[in-house]
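**Q** Residues per chain are reported as follows:
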Amino acid sequence: MEIMINTGTSVIQAFYEKKGSTLKDEYRQSAAVAFMDAKDMEKMSLNPRDKIKVKSEWGEVVLYVDKSHDAPHEGMIFIPKGPWANILISPETYCCNIPTYKGIPGTITKTNDEVLLVSELMNKVYNKYNLKEENLSDRPVYKKKED
Amino acid sequence: MEYLLKNGIVFDPKNNIDGEQMDIFIKDGKIVENVSSDAKVLDVSGKLVMPGGVDLHSHIAGPKLSIGRLYRPEDIRRGIKPASQEDISGFEAGFSLPTCPTIGYRYTKMGYTTVTEAAVPPLEAKHAHEEINSIPNLDIPTLTLFGNNWFMLKYVKENRLDDLTYFISKWLKLAKGYGIKIVNPCGSEAWGWGKNVDGLDDPEPHWNVTGREVITALTKVNERLGLPHSVHVHTNDLGHPGNYTTTLETFDCIKDIKKNKNVERNQTMHCTHVQFHSYKGTSWRDVSSGATELIDYINKHNHLTCDIGQITFDETTTMTADAPMEYDLFRLTGLKWANKDIEVETSSGLIPSIYSKHAPVSVLQWAVGLEFFMGVTDPWKIALTTDSPNGGPFIRYPKIISWLMSQEKLQDMLNNEVHNWAVNRTNLGTYDREYTWNEIATITRASPAKILGLNDRGHLGMGAKADVSVYDIDVENFDPTLKNNSAILENKLLNSKYTIKDGEILVKDAKIVKLVKSNHIWCKVNGLEKEEEILTNRIKPEFNKYYTIKYENYGVNEHYIKPETCVDIEYGGVICENN
Amino acid sequence: METPITDYDEEIKNCSCSYCGNNCDDITYLLKNKQIVGVRHACRIGASKIINDQDQRLLNPMIRNEEGILEETSWDEALDLTAKLLYNSTRPVLYGWGETSVEAIKKGIKVAELTGSVIDNQSTICHGSTIQAFQNVGHPVMTLGEVKNRADVIIYVGTNPMDDHPRHLSRYTTFPEGFFRKNGREDRTIITLDPKFTNTAKVSDKWIQFNMNEDYLLFNALRILLKGQKIESDEIAGVPITELEELINIMKNAEYGALFFGLGVSQTLAKQKNVDVLIQLIEDLNRYSKWSMLPMRGFFNVSGFNIALTSETGYPYGVDFARGYPRFMVGETTTIDLLNRREPDFFMAISADPGVQFPGYSIQHLTQIPTIQIDTHWGPYTELSDIVLPSTRVGVETEGTAYRMDSIPLFMKKVIDKPENCHSDEWILNELYQRLEMLKSKEEK
Chain A
0 MEIMINTGTS
10 VIQAFYEKKG
20 STLKDEYRQS
30 AAVAFMDAKD
40 MEKMSLNPRD
50 KIKVKSEWGE
60 VVLYVDKSHD
70 APHEGMIFIP
80 KGPWANILIS
90 PETYCCNIPT
100 YKGIPGTITK
110 TNDEVLLVSE
120 LMNKVYNKYN
130 LKEENLSDRP
140 VYKKKED
Chain B
0 MEYLLKNGIV
10 FDPKNNIDGE
20 QMDIFIKDGK
30 IVENVSSDAK
40 VLDVSGKLVM
50 PGGVDLHSHI
60 AGPKLSIGRL
70 YRPEDIRRGI
80 KPASQEDISG
90 FEAGFSLPTC
100 PTIGYRYTKM
110 GYTTVTEAAV
120 PPLEAKHAHE
130 EINSIPNLDI
140 PTLTLFGNNW
150 FMLKYVKENR
160 LDDLTYFISK
170 WLKLAKGYGI
180 KIVNPCGSEA
190 WGWGKNVDGL
200 DDPEPHWNVT
210 GREVITALTK
220 VNERLGLPHS
230 VHVHTNDLGH
240 PGNYTTTLET
250 FDCIKDIKKN
260 KNVERNQTMH
270 CTHVQFHSYK
280 GTSWRDVSSG
290 ATELIDYINK
300 HNHLTCDIGQ
310 ITFDETTTMT
320 ADAPMEYDLF
330 RLTGLKWANK
340 DIEVETSSGL
350 IPSIYSKHAP
360 VSVLQWAVGL
370 EFFMGVTDPW
380 KIALTTDSPN
390 GGPFIRYPKI
400 ISWLMSQEKL
410 QDMLNNEVHN
420 WAVNRTNLGT
430 YDREYTWNEI
440 ATITRASPAK
450 ILGLNDRGHL
460 GMGAKADVSV
470 YDIDVENFDP
480 TLKNNSAILE
490 NKLLNSKYTI
500 KDGEILVKDA
510 KIVKLVKSNH
520 IWCKVNGLEK
530 EEEILTNRIK
540 PEFNKYYTIK
550 YENYGVNEHY
560 IKPETCVDIE
570 YGGVICENN
Chain C
0 METPITDYDE
10 EIKNCSCSYC
20 GNNCDDITYL
30 LKNKQIVGVR
40 HACRIGASKI
50 INDQDQRLLN
60 PMIRNEEGIL
70 EETSWDEALD
80 LTAKLLYNST
90 RPVLYGWGET
100 SVEAIKKGIK
110 VAELTGSVID
120 NQSTICHGST
130 IQAFQNVGHP
140 VMTLGEVKNR
150 ADVIIYVGTN
160 PMDDHPRHLS
170 RYTTFPEGFF
180 RKNGREDRTI
190 ITLDPKFTNT
200 AKVSDKWIQF
210 NMNEDYLLFN
220 ALRILLKGQK
230 IESDEIAGVP
240 ITELEELINI
250 MKNAEYGALF
260 FGLGVSQTLA
270 KQKNVDVLIQ
280 LIEDLNRYSK
290 WSMLPMRGFF
300 NVSGFNIALT
310 SETGYPYGVD
320 FARGYPRFMV
330 GETTTIDLLN
340 RREPDFFMAI
350 SADPGVQFPG
360 YSIQHLTQIP
370 TIQIDTHWGP
380 YTELSDIVLP
390 STRVGVETEG
400 TAYRMDSIPL
410 FMKKVIDKPE
420 NCHSDEWILN
430 ELYQRLEMLK
440 SKEEK
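Residue numbers (numbering that gives the first Met the number 0), protein chains in the order written: chain A, 0 to 146; chain B, 0 to 578; chain C, 0 to 444.
Check each hint, because a few of them may be wrong.
Said to hold, decoys possible - Derived BS3-like pairs (lysine-lysine); straight-line CA-CA distance at most 25 Å:
hint	chain 1	residue 1	chain 2	residue 2
1	C	229	C	444
2	B	219	B	156
3	C	412	B	335
4	A	142	C	417
5	B	561	C	444
6	B	561	C	109
In case anyone wonders, no lab produced these hints; they're calculated from the structure.
This structure is a prediction, so every number in the text was calculated from the model and none was measured.
Sequences and hints are given; from them, build the entire structure.
**A** Below is the structure:
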């Protein structure tokens, strides 16, 4: 389905972000979500907490889907700002310093793929340090100082 | 550290020293009678020596400046100057809206050591003090805005002068303010509804209080408290043709209020940027100067002082708590308008202004300012200001001095440079006065210090603060009356040979050699603590209802005012100063 | 319903919240054994920030080792390496600052000047366009108390404070009693303009839904109608003309109107041009009535950064010190543009998480260059950071100044002790500054 992607702050995502629990499942559950108009969900036979793959010109990411409380807004999904939404949004600033966070054209399909945790997502997408999977967790992974 | 400033030509009007060649001795930050043989000798033979400059009305810190800088990057770009390699000062930025460090550099290089920030709303006083911390090298008293404050309006309306006295005393402590500023009393509150008041006796629609009532009440309170400075008034109707009658009425409305017996100043009211308040006529088409009548009043009365608010023909930025006037200017010019209304206290506004030698109104305003300089016979009644940056930025003071000292220059401008309204609509052409160095020292040092009540400066008497400026001008051989010397004069006054503050050399040969933290000067009235506490307890519930921050978080705490000079005032007693 | 907290031994009143641009300063912290166990008066998000999780807290400086794992180290080592990397870079960017104190920001500006860095804050991705519009057109604003005391008409455009600034309506604008609005909510008309039926729309008297990305059309139409001119089509931006006429009449007849706008205006298609027209609308309305406006600023000190940077450099954000003096050029000296052009060769984030905030394409460049994090918690950006410097929480563990969305300054208290080996942003930046000065003086010799 072709949709318009909108991103922005949501109260639950902000709650976990400010709480400082971005590595954990609770943050994933709050920010790795596409909020859809119920009518659109019906068209795709989607139930809340089903998973979808969202694609834009800039990337693709797997998200949970949920019913929007701000409907009606058919043809549009809302993704709370965060590492998952960032993959989709456009870096285009039109020379005005602000990237394009809202109104990105995209497509969605239903999927069984996993929604990644922050550490998995950051390492899979950006792969700065080539880390092994055992070094990724919902908790900080680091080496303690040897005394 | 001791210094011997040798053989300068000294102008110290307060001590009746008018161009004498003499030595100045400095020890431990003060002017002293003699120094030891260890003193460092600074040979300034034949050079112009004056007390450090004192500006009694300038806009240098606080929310207005921030808004100005934020919305006028074009002004910032105009004043960019990379840091020089031989100087210890950093880069400069901004023309009419210099950055905080730039303000310090430019004033210091002009030989100024004390500059008053003329309009601080208490709610944002932390902001002003925080900016002062980024301005180097000055002593900075701040004037606190009271002329549209709701608690004040309430006490005036209910004629509760005692409560008003405790309120002002307490609020100066909270804002760490030095004196009472009144701006368009009642008019800025009316702007809360998009309205203004018309003159001294037009009541604000809700409070039913007039400008006259506010000014007289606050003047009485000021004298009861015995604050070192008088009320500092920006009268109603700024910038409106025909406003000179309001100004005259304002001059007159407090003349019977007795001055506190413990203060040294002569005035009970200081009217600021009087130039903007001195127009006759009914519109900008038939406008003419109303300066003559006002000058006549000033010359005949002693309860009043003024500063000028001289126009300098620049593209500058106007900023004032007189917000309705700024909206009028916006309607007139269409330039980008900024407005900021501050709960319970005041409104404020900004707009760029382009004063041109070819624009009749600009020229009229320029000439009106100069009429005051020419017409007020006693220089102790006036002070040189541009209401910086409103009439032009403070770096134009030397240019103004070059006009005041040379009739040849002035006549040349009238004949060849400026629009004919200067001659046709004002009396500027009828004066032939030329300022002497002594008079210049008066209107830039002695008089503003005295008007402010900062009696430890503005002169070089024994025990005075060792704030001294020396300019690379050979007084005997330099003729400031010559038109051809105007540009040289301006340049020399912009770049002092020495600026010494508290006995430390900050500028040497036009280069900044030392940066020190600016001093926050504020007034503390002692003796009313109990009354203030009772009043505060009564106010608190109302405060917390109508402000959007808590009373407990309102005041400026110690964190923001290092270093400070607290001027202690004993209620009903004498003023004593300590650091 | 959450159960009230009774198990505490100390109450600290009138603390300033360190979440959003509301900077609510009436918060009570409840302490037990010198730790915060509860808060009163704060919204849910504010409370979560004040009593936040400590299991993701950054507690010791770390440097990434050869296997790519962060490894704890001493402050000296971490600071020396950071200073060296910064000193040797040619296009460093110092980004963030929205959640730290003005005191720390001022130290950061000194570091930026010394190293020829670009210093930029979240304005660059949020209300930078609003600031551009202020620079284009004008700046008619007010403090929130003006709205509380006077406003009879309040409009929210492209913002959802019920979620993002939860106490905005209840503490500052809509619900409280004001001096001239004794009946609070009843004395006011609240209108929300938003493509979505937001929680703010739900508590408004009127919700006007308009089409995404058509803000510019909509606001222009309102200006046209205000001037008494006719519009040919039946609807603009999906809104029937009759509804717009009704709206402009309410606005024109307000005694005191206040308009708040958010990223829904400043981040959508026409960006600063949307805000340009909105400002002009406010200016026009002042011919008939009294109107002011205010952007809904996000972090508790984004506004403070803009103010501090203008005080020190003249410009509000995106300041480039590459030439030794400040330059500001939108689209050139601004963070996202720099990253998109792959220019920076050093990136330091201070109290900000680019992993949460930046587009993926921009983040990609951070994998190619040294990256430093100064923050309190492990976050997405930690996963991309080479050096991590653990800092303290302003308004909880460290005192300092912040500016509210309407630029009212607030002094934020220190209430509890910081974790032993963490240091304030101000301290960290000062240490860096001293090391950088040393490197500079060595080189000059």
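**Q** If a hint holds in the structure, say so; if it does not, say that too.
**A** So, going through the hints one by one against the coordinates:
Of the supplied pair hints, the one linking residue 229 of chain C and residue 444 of chain C is violated, its CA atoms being roughly 73 Å apart against a limit of 25 Å. Restraint check for residue 219 of chain B and residue 156 of chain B: the C-alpha separation of about 15 Å stays at or below 25 Å, so the hint holds. Taken as a hint, the residue 412 of chain C and residue 335 of chain B pair is broken in the structure, with Cα atoms around 38 Å apart against an allowance of 25 Å. Among the hinted pairs, residue 142 of chain A with residue 417 of chain C is consistent with the structure: their alpha-carbon atoms are about 22 Å apart, no more than 25 Å.
A threshold of 25 Å between alpha carbons decides the hint, and for residue 561 of chain B with residue 444 of chain C the separation of about 35 Å lies outside it, so the pair is violated. The straight-line distance between the Cα atoms of residue 561 of chain B and residue 109 of chain C is roughly 20 Å, inside the 25 Å bound, and the hint therefore holds.
Hints 1, 3 and 5 from the list above are not met by this structure, while the remaining hints are.
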